[in-house]
Every structure is written in C-alpha cells, then in structure tokens.
Amino acid sequence: MKLLTANRLTDGLTLWYAGTPESGTQESGKPESGTLESGGWVEDAALASRLSDDDAEALLIAWKLRETDVVAPYLIPLTDTGTPVQREQVREFVRANGPTIGQTADAIASAHNRADIFEN
Amino acid sequence: MSATQSSAKMYKYDDFDHAFVRDRNIEFADQVARRLSGEITEDQFKPLRLMNGLYLQLHAYMLRIAVPYGVLSSKQMRKFAHIARTYDRDFGHFTTRQNLQFNWVKLAETPKILEELAQVEMHALQTSGNCIRNTTTDQFAGAARDEHSDPRPWAELIRQWSSNHPEFTFLPRKFKIAITGARKDRAAIRVHDIGLHAKPEGFDVYVGGGMGRTPSLGHCIRTGLAGEQLLSYLEACLRVYNRYGRRDNIYKARIKILVAALGPDEYKRQVEDEWARMDRAKVDAPVAEIERLKSYFPDPDFKVASFDRVAFERAQTADAAFARWIKNNTNPHKRDDHVSVTISLKPVGLPPGDASSAQMDVMADVADAFGYSELRVSHEQNIILPHVHKGDLYALYTQLDTVNLSTANVGKITDMIVCPGLDYCSLANARSIPLAQDISQRFEDAKLSDKIGDLQIKISGCINACGHHHVGHIGILGVDKQGIEFYQILLGGRADEKAALGVITGKGLPAEAVPAAIERVVRLYLELRTSDDERFIDTLERVGRETFAGALHEPA
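From first to last, the protein sequence lines stand for chains A and B. Residues in the first sequence are numbered consecutively from 1, following my numbering. Residues in the second sequence are numbered consecutively from 1, following my numbering.
Treat each hint with caution, since some may be false.
With a straight-line Cα cutoff of 27 angstroms, these simulated DSSO-like cross-link-like pairs (lysine-lysine) come out [to be verified]:
{"id": "1", "chain 1": "B", "residue 1": "K12", "chain 2": "B", "residue 2": "K252"}
{"id": "2", "chain 1": "A", "residue 1": "K64", "chain 2": "B", "residue 2": "K106"}
{"id": "3", "chain 1": "B", "residue 1": "K481", "chain 2": "B", "residue 2": "K199"}
{"id": "4", "chain 1": "B", "residue 1": "K46", "chain 2": "A", "residue 2": "K64"}
{"id": "5", "chain 1": "B", "residue 1": "K481", "chain 2": "B", "residue 2": "K252"}
{"id": "6", "chain 1": "B", "residue 1": "K327", "chain 2": "B", "residue 2": "K447"}
No wet-lab data here; the hints were simulated from the structure.
Whole structure, please, built from the sequences with the hints as guidance.
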C-alpha cells in the first residue's frame with residue numbers, strides 16, 4: 001500500500017491524494033482537466049487514500065504530467081501496520097502534520113506513529 | 001524624529017545596481033509566469049528559481065533573502081516585517097549566513113516580494129547555487145573596541161566583484177567567504193571556504209575550511225596581503241578551485257577537498273603561480289574605488305550627551321533583569337559612552353532565530369530611536385544594534401521587553417545556533433528546533449545559566465551542518481537511524497580565533513535523552529572548573545573529552 005503526495009505548484013503547500021484510483025483520471029490514464037480538488041487532492045493527510053502499489057504507480061505517472069498543478073509528486077510506501085516505512089517515518093510524519101515547533105521531545109518521541117493519519 | 005535617527009551608514013545602490021536588480025526581477029517574473037502557464041517544466045524552472053533564492057521545502061516554498069554581510073537599515077527591517085505580514089505567516093527566520101528566510105511564500109507572489117525588496121536595495125540573488133554566496137563578517141564591525149580594521153568595505157568590494165561574476169557563476173560547489181577585522185574572531189573564518197583576517201599590515205588568507213560531511217579548518221596560505229591586491233588574489237584562489245574542483249562528486253566538490261587532496265603547500269603554489277601570471281590590473285579595484293567604498297561606512301554622528309553613570313547604576317540596582325541584560329547582551333564599543341547591543345532571538349522555548357513582524361517593527365523602531373537606524377544580523381542568529389549610547393540603554397531595554405525581545409542570554413547555554421531542521425528543510429534527517437526548545441527550557445533558570453557562563457551549543461539536523469555543530473562547545477548532529485531521529489553529541493569545537501573541530505563522543509541518543517545528557521555534562525563541568533572564570537571550553541580542554549564522555553552517556 002502507498003500514499004501519493006506532492007506540493008501544489010502555486011503555493012508549494014503539501015497535498016495528499018484522497019481520490020479513488022479512477023477518480024479524476026481518464027481511461028488513457030491521464031488526469032482529467034479540472035481543479036486539484038476535483039482530481040482528488042486535499043491538504044489534510046488524514047484523508048489520504050491508501051492505494052495498491054499498482055494503482056499508486058499509475059496515478060504517480062499520470063500526475064507527473066500535470067506539472068501546472070502539482071510539483072514533485074512521490075509515493076510513500078506503507079508497512080503492514082499502516083505506518084510509512086521506517087526510513088521515511090519521521091520525515092513523513094512532519095510532512096503530514098506540519099512543523100512540530102513547540103512540542104517537547106517526549107511528545108515527539110511518542111507521536112511518531114500518530115494513528116489517525118496512517119491507520120489502516 | 002528622535003535624537004539619533006538618521007540614515008544608516010551602509011552600502012548604496014548606484015544606477016547600475018538598481019538597473020541590474022530590476023532587470024533580474026523582470027526576467028524572473030517572466031520565468032514564473034511561464035512556469036505557471038506550463039510553458040516551461042519544473043526541471044527547466046528549478047535552476048532558475050534557485051538562482052533567485054527560491055527553494056521548495058518540505059511544506060512550502062522558502063525564499064532566502066541576502067542581507068549583505070549582515071548589515072541592515074531600519075527601513076529594510078520594516079520591509080521584512082511588511083513582507084512577513086503580507087506574503088508569509090507573519091514571521092521570518094534569521095540564518096547562520098546572516099540572511100533571512102521566509103518559510104511560507106507562494107510562487108505566484110514571489111515576483112511581487114522581489115519587487116518590494118528592490119525598493120529597499122535588497123534581493124535574493126546568489127543565496128543558492130554553486131556561486132559565491134553572501135560574504136559574512138563580524139556583527140560588531142565598525143563598532144567593536146577590539147577591531148583593528150573595519151571589514152565592511154572589503155565585504156562590499158567582494159560583493160560587487162562576485163555579483164554575477166561570469167567566471168564564478170557555475171563553480172564546482174557553493175563558495176562562502178568570511179572576514180573579520182578584530183582581535184576576536186566572531187565570523188568563524190577558519191570554517192569557511194576562504195577566511196580573511198584584515199589586519200593593519202594586510203590580510204591573512206585562510207583557504208579550505210568548512211563544515212558539512214568533511215569538516216576542516218582553513219589553512220593560512222598568505223599573510224600581509226595588501227587590500228588593493230585582494231580581488232586578484234581571491235580570483236587566483238577561485239580559478240585554481242574552478243579548474244580542479246571535483247565536479248564529478250557532489251560530496252567531494254568543495255574547495256576543502258581540493259586543498260586536502262593537493263596539500264595546502266601545493267594549492268598555495270598553484271595559486272601563487274596563477275596570481276603571478278594574471279593581469280592583476282584588470283581585476284584589482286583602483287585605490288580610489290576602495291576609498292569610495294570605505295566612504296559608505298563612516299561612523300554615525302555619535303550622540304553627544306552626558307552619561308549619567310549614577311542613574312545608570314541605580315537603574316541596574318532597581319531592576320535585576322536589566323542588570324543581567326546589560327551584563328550579557330552588551331559588547332564593548334570603541335567609544336566609552338556607547339556599547340553594541342545584541343537583541344537575543346533565543347527566548348526560552350521558542351524557535352531560535354525567528355522574529356515576528358511585530359518584533360521586526362519594534363527592532364526597526366528602536367534602531368531609529370537609539371541606534372542610528374542601523375542593525376546587524378549575526379551568524380549566531382541574533383540582531384545587533386552596533387551603536388547605542390549608554391544613556392539610552394534602559395529605555396531601549398524597556399521597549400524590547402514589550403515584545404519578548406529582552407532575553408538576557410547572549411553567549412550563554414540557551415543562545416544556541418540551530419538550523420531549521422526537519423521541521424522545514426527537505427534535506428534534514430532530524431528535527432533541530434524542538435530539541436533546542438527542550439534544552440532551553442531545561443536551562444531557563446537565569447541563575448543557573450549565568451553560573452554556567454559562556455557555553456555554545458550548536459545543533460544541525462543533518463550532516464550539511466547549517467547549525468555549525470562541528471564548532472559548538474557542545475555540538476549536536478541529528479541523524480536518521482532506521483526512520484527514528486537520533487542525535488550524536490560532539491564535544492570541544494569552537495569557532496573563534498582558536499578554532500577547533502568537535503569530536504563525536506559515544507553513541508547517538510534519542511531526542512528525549514539529550515537534554516538530560518547535556519545537563520550531566522554541564523554539572524560535571526561546574527564540579528571540575530577551577531574558578532568561576534574558567535569557561536566550559538577551557539575546562540574541557542584542560543581535562544580532556546574523555547572525562548566528559550562518561551557523564552554524557554550515563555544512564556538517566
């Protein structure tokens with residue numbers, strides 16, 4: 001399972017793909033024209049779709065073509081337990097939740113696996 | 001207008017400068033429009049935006065604005081406040097390169113921001129890319145009592161020479177120059193690609209210093225270099241690097257690797273050979289031009305007022321916090337009736353180096369009221385008023401206190417250099433800011449902090465070392481260990497005139513264990529020091545790192 005993430009071209013904010021494998025794409029695999037929202041993108045990581053590896057790869061290829069909408073799309077592999085793979089764990093936690101300024105180290109240590117974002 | 005308000009004494013754009021920046025902004029605005037319309041791809045656009053200081057970070061675009069050698073006017077600081085309010089999330093981050101970063105700008109609004117900056121003679125050029133970056137210098141330049149040569153005219157000379165220099169726009173890697181002109185090195189010249197020490201008899205030239213993956217102290221390859229020969233000598237240094245620097249491997253592309261590979265003596269021989277063959281007259285600035293640049297930086301019209309020492313001391317007796325601020329946040333000035341004031345951007349529990357728009361406005365206001373409209377950014381991520389009459393200190397302190405800018409911790413354990421880390425930076429492996437917040441809360445007790453005295457903690461969120469961890473008395477390096485943040489502790493680094501690189505001591509620690517480990521080391525220092533005047537770094541050098549290693553890794 002994977003998540004698809006990118007940054008919005010106009011303001012750089014982090015986006016998450018929350019559509020279905022089919023939503024917003026044509027049969028050719030190319031994304032339909034229209035807004036990012038109609039294409040399935042949201043700013044809230046908690047809403048991100050958990051995609052099969054094949055669907056995720058197809059969507060990544062499709063959205064790479066939409067360069068006037070999103071920048072630097074990439075996939076986050078998920079482990080069986082639903083958290084991102086270990087190598088990316090902290091990075092993707094911060095990317096999903098925004099800067100952690102003000103949290104204590106203890107809070108950070110216990111919050112890495114925030115379930116409401118990366119749950120199955 | 002207050003008694004001391006005036007125009008800041010600093011660089012001035014001439015017609016060429018205005019036209020150059022305007023043309024570059026027009027060009028970039030067109031590039032942004034073409035990117036937004038899809039006419040050019042991200043691959044085509046990325047190098048163009050980077051040449052204009054615009055990065056795409058973890059959460060948003062980041063714009064890095066050049067503050068030439070850390071010198072700012074009140075007008076420029078007010079412009080930063082306006083940009084923070086209008087185009088960002090109401091704050092900015094002052095960096096270890098004496099620059100300013102906005103973390104949340106929009107691509108579509110960047111041309112407008114650059115236009116606003118140009119109105120106050122600023123830009124974001126050469127704050128990224130493999131070119132000569134902003135030259136950094138002593139934050140007390142032109143004011144410090146221990147200064148023998150003002151580095152600002154030389155920094156300005158280098159700025160003009162290196163701006164859009166056709167030969168050095170695509171170097172093997174980025175290139176950083178630092179200059180000091182004082183007895184104490186406050187510019188960390190030994191850990192720069194080129195470090196210059198301006199002395200009455202000429203420049204000492206250090207080459208091949210740096211931090212990052214392969215830390216190294218610069219080697220002195222020339223002493224007594226005449227100022228009027230500075231540019232040609234720098235050009236010779238850059239040419240040898242440009243010719244032989246490793247373009248095939250980004251990790252081996254900095255000049256420190258070349259100097260280490262050739263050996264300092266051979267590198268020097270090649271530089272001297274290049275210098276001897278070069279037509280120096282075509283490169284070096286005429287004496288008249290150097291004098292013109294020096295004329296940009298006269299002393300301000302110092303306030304002439306009697307200094308009421310009795311009232312000053314009475315104020316300190318009545319207000320212990322003010323007395324502590326005077327003791328910790330002022331630096332001796334060349335005039336007896338003035339001091340330089342450091343405004344700490346390290347309040348306990350808040351992100352180091354950040355300032356809100358309201359704080360920026362107040363800093364601009366106090367610069368106008370008490371500081372001849374001039375400010376500086378230090379590489380320690382604080383703001384400096386270089387010239388303040390002693391009679392104005394209490395009024396200044398009171399005004400700063402209204403916006404949480406009166407923290408009296410300069411040079412102390414909570415005055416940490418901290419990179420943005422994984423909270424913002426796409427290169428980072430670990431967070432820096434939350435760890436700094438934890439450490440500052442652990443040592444927030446003013447009496448304990450003062451008892452500890454001068455102690456520099458420097459934190460980097462990755463091996464690139466933007467947080468200068470190699471030269472912290474205690475350095476902290478964030479690493480990624482199978483997806484979890486760990487922190488390696490270095491002991492014994494220093495960036496001053498006795499520059500030394502810290503050494504990693506023991507195993508990495510999880511974030512939650514670091515503050516207690518630091519406290520154990522500090523408590524051991526307090527036990528071991530021979531007097532209150534023996535600083536942490538002195539004790540460490542006297543007894544050795546191994547003595548402290550046990551305390552660092554003792555179970556909590």
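Consistency of the hints with the structure:
no.: 1; hint: B:K12 with B:K252; verdict: violated, 38 angstroms
no.: 2; hint: A:K64 with B:K106; verdict: holds, 21 angstroms
no.: 3; hint: B:K481 with B:K199; verdict: violated, 46 angstroms
no.: 4; hint: B:K46 with A:K64; verdict: holds, 15 angstroms
no.: 5; hint: B:K481 with B:K252; verdict: holds, 24 angstroms
no.: 6; hint: B:K327 with B:K447; verdict: holds, 13 angstroms
When the structure is compared with the earlier hints, violations turn up for hints 1, 3 and for no others.
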